[in-house]
Every structure is written in C-alpha cells, then in structure tokens.
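The lines below spell out each chain.
Protein chains: 2
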Amino acid sequence: MDEYQRVLTSECSNHVNEDVNLKGWVHRVRHLRKVSFLILKDRSGFIQCVLESKIAKMKITNESAVEISGKVVSTNQQENGVEIHVDNIKMLSYAAPIPFEVNNDEIEANLDTILNHRVLSMRNPKVQSIFRIQSKIVESFQEYLRNKGFTQIFTPKLTSQGAEGGANVFSLPYFGKEAYLAQSPQFYKQKMVAAGYERVFEVAPVFRAEEHNSSRHLNEYTSMDVEVGFIEGYEELMKLENQLLIHIFEKVKLACANELKLLNIELPELKEFPQLTLQEAQQILKEQFEKTSPDGDLDREGEKLISQYIEKKYLTPFVFITNYPTRKRPMYTMLNQNNTELTDSFDLIYKGVEITSGGQRIHDYQQLIKSLASKGLDLDNFKSYTDLFRFGFPPHGGFAIGLERLTAQMLNINNVREATAFPRDCDRLTP
Amino acid sequence: MDEYQRVLTSECSNHVNEDVNLKGWVHRVRHLRKVSFLILKDRSGFIQCVLESKIAKMKITNESAVEISGKVVSTNQQENGVEIHVDNIKMLSYAAPIPFEVNNDEIEANLDTILNHRVLSMRNPKVQSIFRIQSKIVESFQEYLRNKGFTQIFTPKLTSQGAEGGANVFSLPYFGKEAYLAQSPQFYKQKMVAAGYERVFEVAPVFRAEEHNSSRHLNEYTSMDVEVGFIEGYEELMKLENQLLIHIFEKVKLACANELKLLNIELPELKEFPQLTLQEAQQILKEQFEKTSPDGDLDREGEKLISQYIEKKYLTPFVFITNYPTRKRPMYTMLNQNNTELTDSFDLIYKGVEITSGGQRIHDYQQLIKSLASKGLDLDNFKSYTDLFRFGFPPHGGFAIGLERLTAQMLNINNVREATAFPRDCDRLTP
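If you're matching them up, the sequences are chains A and B in order. At the far end of the first sequence sits residue 448, using my numbering, and the numbering has no gaps. At the far end of the second sequence sits residue 448, using my numbering, and the numbering has no gaps.
Next comes chain A alone, as it looks inside the complex:
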C-alpha cells in the first residue's frame, strides 16, 4: 500500500522544512485570538499543528477525522522537536459533540459508559494502549512457539459435546441436531498432537455459560492454547510456559515502551518462577495468614495472599501451584506416579489471579478408561475421544493462557472487561 501522500505524525521529524500531508483525528483544539493550536493524533502518535489566519477560525470539533497539509517546522516547544504550520485542513468526517470527555488523562465515566461507547473510549490514549499491547502479546506468543517447531491450528468452535462434559456450555440448534460452543479446544489440540504435528498452538475464542458476573470472568474470551507431544513430564510444560512468558515480557517491553510509559507500567525482568505444591501453598496460607483453603483448591483470597507471599520472598509476581488432587481435575489429567491421589497438573498465578491451567494428560488407553469410570462418567459419551488412544497417542500435555486476564494483570487493570475490546457477560451482549 503506497501512501505517497501521507506522512505519519511520528515521521514528521524526518521531514523538517518539507510540506507534508497528515491524516488523523483531532485530539484537542485550542483557539486563541489570531491562532489556533490543534493536536492531531494518528496510529503512530501526536503532533501539534499551528493554524493561522482564516484556517484558525475553522469550526473543528474534537475527534473529527481530518486531513492536514502543511510544513514541518523545528521547535523546541514540543517534545518531538517539530510542529506543523498548517496550509489546509480537509474535514474527512465531522464529529458531533461526544457524550463524555475522552481526551483527558483518564476517562471520568463508569465502566458501563466506557464499554457502551467502546469506539470513543478507545480514542483515549491510555485505553488505546491496552489493545496495542494485547496485539503484541499475541504476536510474541506465536513467534516464540513457531521458533520452537509449533504448528498453529484452527479447530471448530461448534462441537457435538462439551469437552469437560456437562455444565456451563452454550447450546444451539444445528440443522436438526444440537450443537455446543467449545469451552476450550482441549480435545482438538490433543488430537492435533496425536495427528503428527506434535507441537501445536491455537489462539481463538472459547465460550463459558457461567452465570456469575465477576471482575475476572467473561462468557467469551480468547484462549491461547498450547499442547506438546513426546514430553517427559509436566515439569517440561512449566518450563516452556516460563520461557514463553519471559519472551512475551521482553518483546512487549521493547515494542510497547510508549504504551507502557503512558500506563505507568514497569514490567519486571522475569526469571525462573517459583513452584509450590497445592499442599505447600495451603500450609503457608494457614501458617502465615491463618487462612483456611477450600478442599483441594485455593480460593480467590488464597491466590491473592500466596502471590503476596511469593512476591515478598522471591520478588516475582508469578508462582506455579502444582499437584492438584485427582478428584478436582478433569478425567484426562495424568496421575502422579508417586501418589495417584494427586495429578501432574499446575496452575499459574500472576499477581493473585490464575491465568493458566495445565498439566500432563493421560495417553494410555486403559488408564484413560479407568479414569473416566472413576469419575462416574459414561464411557459411551467419550468414545470418539477415547478411541483415538488406541492408535499410538504419545505422552503429551499442555496449558492455556487467558489472553484478557494476562493483559489485565500485566497492566494492573482491575476488571478483565477493560482488557477486552467488546466484553461479553451475563448482562452484556453489546456493543
């Protein structure tokens, strides 16, 4: 795409004393007696434009889309060292008065207003930054895995059964049958490993019909799924996720320095994440915080406290919790060799919020059948899954990272909806 005419605001300092053509939105305009100052924003940044004589009187509203031609002039009044002396402004698309102020440092409106007017709220530079960073997270996730021999997969979201069986599944009529929306690509990513790809990832929406509205739950979210064949054990998966997150943090730091600065976020240098067994974590909570945990799990408060403890002790916001009890994990989870009451599974907690579940999966047909039976599940319902394990299913495992949660935690966003372009919850199906 040639844009022989257009120069980005961030490129102006390379065009001093030249005539340029800029396009973007009016971030702010200030009329003095004989001169007006207009801040133009485009996808690359901001620039001050100086309007004199007739043009200074032009009726221009904030957030209008405009094309500006003028001369780039050096100035020491501006951070980027240049401003535009405007010859002409062409109105591309006039903006009516906007319902709330988006160009202050922070939007002073409640979350519902921000989400209802998503296009306008994203014009705020801080809000805008969130989804630039999100895009970079996904880019670096994919980049790291591709360099490690992973294949990107695309698996169906319309399925004939829920992956975990039963609850929290959206269903819909499908040509005389009943279809379900995928809660996760769990079975499909396992299938792609067994199909010979060995190492696969997927970045795609998943759907959870959970009725509770909380600041960290969505009914539709983006799952970054990873599955790896021929592993030696689940420790390998934690190591992979650790390295992957180190890569993501480094890339985001480099590529989104401006966005992070704007959001006042300093990302830490990540090293090896500490690990605690669930039992150890529960004991620490009891001893250090007099906190009792629910059977075989941590609750939200527990996740927060254990994160605080780890942050203090190891100076890192991440901690793996491992070896959840067999009765609390799905039927496909690999049992621990030393204690079959426990599983070779893990969660990853980041700043007090679980952003990953993962683990090794059962690959032995007989063991899988036994596991299904011990969970009281009907073997017939899982036949199309279990049958595959008769044809050389290698040892394997994986994990999934919730993109919106990772974004929110990284940027100290309290409600995951703010890290979602167009969030879906029990009360929200628009815009």
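Just so you know, these hints were derived from the structure itself, not from any lab. Just so you know, these numbers come straight off a predicted model, no measurement behind them. Hints are supplied without guarantee of correctness; some may be wrong.
As the list makes no split between identical chains, a pair holds if one copy fits it or if it spans any two.
Result set (EDC-like, lysine to aspartate or glutamate): computed pairs, CA atoms no more than 20 Å apart in a straight line [unchecked claim]: (1) Lys268 x Glu160; (2) Lys330 x Asp104; (3) Lys88 x Glu28; (4) Lys165 x Glu35; (5) Lys268 x Glu156; (6) Lys165 x Glu28.
The hints should help you fit chain B onto chain A, whose structure is shown.
Frame of chain A, contents of chain B only:
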C-alpha cells in the same frame, strides 16, 4: 524446553557416529529373516532404523508411538545419507490395527472415512502437509500486516445482531436474551479502525447457517479479515491484498518446500493481478463462451471460465472482479462516484473460486442512513452501528480471505473440507 535427550529425525545427519535418542511414530516396518527395517516419522521428517538380533523380532505395529535409541551411521542407501542402528526401542503407545491404510502415497478411502478418522488420516504425509502449509499461510499473513502497522484484534463471536441482518445466522439462548454467532467481524473491524487503530486484522472463526452442502462451503470457517482507515479509494485495498498474497506465496514457497514437493505443487511467481469490472467479465463470458451470467453477479461456472480466460491471457490464476452493482452488495458498501448504481467493491477469484470479498465502506453518516433506507432496512435495528458514524469515522475499507478456500485453491484440493482440520457442514458436527 530442553530436549537434551531427543534428536529430531531431520537432525540425525549432524550426529554421525553418535548415539541418539529419537521419538516418533512407526511409519512402516518390514521384517526380513534376521533384520527389520523401520521407518520412523516425527514432526521434522523420516529416518530408516535398522533392527537386528532380538529387537528385530519385537512386535511393532504401524503408527505406534516409540522411543528409539541407537547410533547414527552413514549410508548411501538413504536420501538423507544416514540411518540408525538401533540399540533399544521403547513402546510409548501401542497402536491397534488401523481401520484403513494411511501410509501409502494416497489414502484409498472416501472423504467421509478420511474425515471420520481425522487423526489417523493426518498421519499420512500428504494430508499432514496441508495443515503445515495452512499454518504458514496464517503466519505470513500476520507478518506482512504487522510490518505495515496493523494491530491484531479479537472481536466477539456472540453478538446481538447479524452483521448483514437476517438470513443464515445461527442463534442461541443467552441468559434470557437471544444471541447470534458472528457471520463475519465486519462491524467490529470497522469499529476498531474508527477507535483509532486505523489498520487492523483478525484471524478467527465465522459461522454461516447456510443449508446447502457444496464442495466449497462450510458452516464454520476461518476468516482472515483486514480493515484499513484513511484510504483514498478501493484500489488501494486491491493493491494491499495483491502485495499480501505475493508475500504469502513467497513465504510458503520458502518455508514449505518439502510439503509442496510432496503434494506436487509448484506455486507461481505472482505479479500484479489483472482487474475486470463485473460488466467486462460478463461480456467476456458472453462473447468467448456464449455464457449468460445471473443479474449483477457471476455464477460458479462463470467464475471458472473467467479464470481460465485470464490464466490463458495473463498467465496468472488470480483476477479481481470489481464494481458490483449497488443492489447486490451490503448496505455499508461505498457507491461509485461516477455511477451510484455501482459500488467500489471487488471480489478476488483464484483458480475459479472466489476467495475474497472486499471494498470501500460508506463513512458518511447521512449517506449511510440513505443507503439503509434504500435497501428497505429498519434504521432502528442498525442504530448502534450508524450512531458511530457521527463521531469522526474516517474513509475506510477492507476485505476478508477465507483461509480454507485459499489453502484448497493453492494446493489443488477439490473439496474445501480436505483443507479444514475438522470441517462443519449440515451433516457433519463430528469429530
């Protein structure tokens, strides 16, 4: 992820006279009197393993997952110059007799059998190659656009209305409301342009409740969507798509040389794609092939014939068809300045199949309202869309490429289901 023990089959030639540890599947095993030859496959390729004495008698079935340790030995009998003299084989996962032969050059089974046993059919090297190439198509699509300043977006698949209004939409109950599955991210990608990102792309599933089963339709497919703000006209979009496809072809050629060779595909050197207005295309069909086209469109036969004509005349498998009539395009399509009966829209035909629809969109509020009214659409139903155009919506447009169709056409696959890992149609919701 360290794999200090494991060496890939493709790496063996770097380890001559060393002991290595390999993991993979038994592609084929041939027992002679005192020796057995086993072809091992992993994600990187194939290697011959020589089994002598006791190991030669081991019961090994095709498609079992195994771990093999042995010595890498030079040989001029093998294409890669090495083979493995095996010390030990560990059975990781035993394969029962498979229901059809997957290790011949072609799978001799009908499409239903191939799709019903997807994991096994993908073990066939040719079938396996299809989805490696598909992954590379997406990688290079994303790479090209990111380098051009595009942001990757993630928009909801659960919506409160169909983007085009009405037909062919799946619907489902959603917490007391009715939700629809997105037929395309059309409105959302436009919104993200207007939100300030200017240039966005999305790679995500879309859902079409179309009842007809054809060799090129799916009820769920992967749409590679692109939307660009501040364009001068729709020609810019065609140029972008042209350059994008040149990049994709070059990258696939480089990275998937083995896969293409296996599939006997030679990808052409792409240049500038020819363009025909719809009217010109229809006239050529009439004059050259005595073929009448449906009103304001090409039918399937017409797309094939025009592709043949272009291939012969310009030696390229691609052709843009432009300026579809206003009455045949969605309400958001920009009208042509010189003739408002026509639109600034295009389709891209590749080897006789449409793989893209695109065009400039209306960005002027009044013009949009007029367009809705002229289509007889109820303004109230589109208020949440049209209202956005009051707040500085810049000139913009875009296109979408169907990933499975592009893959199928590139690889001379007749039925798009074969270019889909787990296809969904009116009769198929499994595996």
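Cross-check of the supplied hints:
Taking the shortest alpha-carbon separations for Lys268 and Glu160, both the intra-copy value of 10 Å and the inter-copy value of 15 Å come in at or below 20 Å. For the identical chains of this complex, Lys330 and Asp104 are neighbours neither inside a copy (60 Å) nor across copies (48 Å), given an alpha-carbon limit of 20 Å. Taking the closest pair of Cα atoms, Lys88 and Glu28 come within 20 Å of each other only inside a single copy of the chain (13 Å); across copies the shortest separation is 58 Å, beyond that limit. Within a single copy, Lys165 and Glu35 get their C-alpha atoms no closer than 46 Å, and across copies no closer than 24 Å, so neither meets the 20 Å cut-off.
Taking the closest pair of Cα atoms, Lys268 and Glu156 come within 20 Å of each other both inside a single copy (9 Å) and across two copies (18 Å). Taking identical chains as interchangeable, the C-alpha atoms of Lys165 and Glu28 lie at most 20 Å apart only when they sit on different chains, with a minimum of 14 Å there against 35 Å within one chain.
Figure legend: structure checked against the earlier numbered hints; hints not met, in rising order: 2 and 4.
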